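Undergrad: Protein sequence lines, in the order shown, are assigned to chains A and B. Residues in the first sequence are numbered consecutively from 1, following our numbering. Residues in the second sequence are numbered consecutively from 1001, following our numbering.
Hints in this document: simulated from the structure, not taken from any laboratory. Predicted, not measured: the structure shown is a model, and the values here were computed from it. Virtual Cβ for every residue (Gly too), placed ideally from N, Cα, C. Some hints could be false.
[Stated by the list, open to error] Restricting the straight-line Cα-Cα distance to at most 27 Å, the calculated cross-link-like pairs of lysine-lysine (DSS-like) are:
hint: 1; chain 1: B; residue 1: K1173; chain 2: B; residue 2: K1110
hint: 2; chain 1: B; residue 1: K1110; chain 2: A; residue 2: K10
hint: 3; chain 1: A; residue 1: K396; chain 2: B; residue 2: K1124
hint: 4; chain 1: A; residue 1: K10; chain 2: A; residue 2: K103
hint: 5; chain 1: A; residue 1: K103; chain 2: B; residue 2: K1124
hint: 6; chain 1: B; residue 1: K1013; chain 2: A; residue 2: K103
hint: 7; chain 1: A; residue 1: K2; chain 2: B; residue 2: K1110
hint: 8; chain 1: A; residue 1: K515; chain 2: A; residue 2: K396
hint: 9; chain 1: B; residue 1: K1173; chain 2: A; residue 2: K103
hint: 10; chain 1: B; residue 1: K1124; chain 2: A; residue 2: K10
[To be verified] Between beta-carbon pairs, the in silico distance windows are:
hint: 11; chain 1: A; residue 1: G45; chain 2: B; residue 2: E1129; range: 32 to 40 Å
hint: 12; chain 1: B; residue 1: H1136; chain 2: A; residue 2: P405; range: 20 to 28 Å
hint: 13; chain 1: B; residue 1: H1136; chain 2: A; residue 2: L161; range: 43 to 51 Å
hint: 14; chain 1: A; residue 1: K113; chain 2: B; residue 2: D1066; range: 13 to 21 Å
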Amino acid sequence: MKTLSLLRIKVEATTWLSRGRLERLRIGGQVWILPLAVIGFGALGAFGLLFLIQNSVALYRLGVAVGRPELSLLAAIFTDWALTLVVSFPIAISLLYFSHDTKLLLSLPIPPKRIVAANYLLLYAYTLPVQVLVLAPAFIIYLAAQGITLSGIVGALTVMLTGSLPPLALSVMLVLALTRAINISRHRVALETSGMVLLILMLIFFQVAASRSMMSSVSAAGPTAAMRSLAAGLISIGGSIPPLLWGAVGPRSPALLLPFAAVGAVMTLAAALLVNHGYLSQMMSRGEFAARKASRGSATRIGGILRRRPVMWALVYRELTILSSNSTFLVEVAGEVVILPLVLVIFTLVTPAEVLSGAVPVIRGFPFTVSIVLGVLTLMAGFNTVSATAISREGKSVGLSLSLPLSGRQQIGGKRACFFLLFGPAFILNVLIAAILLRLGMVNTISLIAAGIPVLDLIFAISIATDLRRPLLDWTHPQQAMKQNTNVLVSMGLVFLMTIALAAIVIVSIAAGTKGPFTVLLAGAAAAVGALLLRRPLSRYADERYASSFGR
Amino acid sequence: MIRLEHLSKRYGKNGPNALNDLTFSVERGELFGFLGPNGAGKTTTIKILVGLLRPDSGRAEVDGIDCLSSPLELKRRIGYVPDEPMLYDNLTGGRFLGFIADVYEVPTDKRSIIAELAEQFELKGQLDERISAYSHGMRQKLSIIAALLHRPEVFILDEPIVGLDPRASFVLKEKMRELCSRGGTVFFSTHVMEVAERLCDRVGIIRGGRMIAAGPLAELRRTAGEADATLEKLFLELTDEDALAP
């Protein structure tokens, strides 16, 4: 069996691009999910892209001002490397060591090097969107400004397609080293959560750099000192890591593309060989050790079951247990809960005081400000993967939930409580930070919090209904349950439409003369009515879906 | 055909010995039942035999192929049914079998065996369904078909009867017998003593990673001095912890 055939079957069998899933959508008349998914995904991507474009423009201008027009490309490649290194780390752990099909493939006469190659290609495919998203705006802006040439296009494509190979190889080698150093199966969650923390720190770093580069425009007198230091820092990084510089000047000097691509190819080959060498032996030596250790550990905690607790407590505990059962879930929820507050805090800290003092009165004078804050926070809370996968996450163990003497409404009650436990405090924190940043005042802040609670309830109702309708329970690795779950995209699309509906209410109310906090309170009241109206049919629907075991 | 010499395996530095100097062999044309209480080392032995696990010491070979040094050659030669079916839930049964046939490079003109086996195991009507919709028994049947479709010379099965309906169980036993009569070898673990008693040429009983008895049932009876004892009775006596305690 050839590597590409193996890759094809892996894509078909382990990702949501499977023919079976798409066919199921078609048969079930669910094709409408796809455009809705595109809306949800597109809205999220558009925000990110807008941010990257603005940043690339600012960095390009800075590069021209300091005589290094390739500066924006250098920054983009460096960002891509850093992000790929961290993003690919948990995926490499999942694909290379914890993929559920590894045992099957190893039991077949498939050379391990083919399994490694297929997994490596899949890993590359997973990280490709990140690198294209990060690199494309920078290259398009650069080429548009410098003149579009054939060599420029070839250079851009070469860097975009091979640019992430070195960090990817490094990530794979790091995973391999970790498997040698520690029992990765026992410390997997801790490792991947540490990786997430690292990712958050990196995002903060890039947020600082991006905020500065966007806000400190290059005036006629030249770039500010802060911008000059940023440029110097980037140039210094390029000097220390020559391949970064080769990639950045590649579109102008195509000869340098060859060593750039060669570095990636050599590192990839080395990583693949190392994994191939260590892969089978790791799998073969590990055996059932991890499971044995886990079972011994759980025996020592048996005392905890003697205390009686309410059903709701047990259900919330179950949700938290599922969320922390593997690093993919844990990292996902941690990211969604802590990233926005962190970014807001950093934004507050790095924004120059004079910019804030100049901008805040203008922003506050705008009649939609408080409503926009609610809208942004609603979207951020709505674009979560936690509520729309609350049932899917249970996977095959949903049988256990179904066997419990609990109604569907009780089951989703536990999921709702867990959602509020996670996103309620995060929402309040976000409101408080926004209030400090924009000096919104006590009344507006309280109004935002009061309006936010029913909005969160409505978001949960919409998301859980999506998952109740068609939970993805037959996933083989946790990535499928959350990140690759189409329910998330459908839910995002619906939440986006819900936000538009609430925005329409706000606009109409302002046009009718409503002012200040009343606009958000009105939106909150509308959300409360919506959530209230949905409550009974949702409960009935949950009862029905649980009673029918989701049609399994 | 199957030869294990002084095989030892320990999980972790301070873990218990899963296998302890295990030595035995199974000849060509023989149907060998591998018995033992839970945690005795049956699955560990099988995993080593099929090239999925590396022993700490000792040697295992199947049909002259070293399980450790030539795992690919070994896997081409054997058919393996694991204790838990290892399948791609997102594929249909037919697509999965197609994939397995591709891996074993089964020629197109010999792929009719897929339909034949599916027919015999009464799975033909479900081959277009996704594996995720299969019951445990259907998954087990699919796993058995997947292990048989390249016509292996050695058939290694870990608890294959669990979850099978009576007809599928019967067909499987027929297949095992048929393979042995063609000169192949069948090695399987089971907790169903009646099956082992009626089907096997020889049985081996493992406990604490050591082979405590091996041979034809008649020989085991003779050794135990109980001419009419059932295999179940012999097994219970041989694996009785109190009886074995010093």
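Undergrad: Each of the hints needs a verdict: does it hold here or not?
TA: Verification of the hints:
no.	hint	result
1	K1173(B) x K1110(B)	holds, 23 Å
2	K1110(B) x K10(A)	holds, 25 Å
3	K396(A) x K1124(B)	holds, 25 Å
4	K10(A) x K103(A)	holds, 13 Å
5	K103(A) x K1124(B)	holds, 26 Å
6	K1013(B) x K103(A)	holds, 23 Å
7	K2(A) x K1110(B)	holds, 20 Å
8	K515(A) x K396(A)	violated, 51 Å
9	K1173(B) x K103(A)	holds, 26 Å
10	K1124(B) x K10(A)	holds, 24 Å
11	G45(A) x E1129(B): 32 to 40 Å	holds, 36 Å
12	H1136(B) x P405(A): 20 to 28 Å	holds, 24 Å
13	H1136(B) x L161(A): 43 to 51 Å	holds, 45 Å
14	K113(A) x D1066(B): 13 to 21 Å	holds, 19 Å
Checked against the numbered hints given earlier, the structure breaks only hint 8 and satisfies all the rest.
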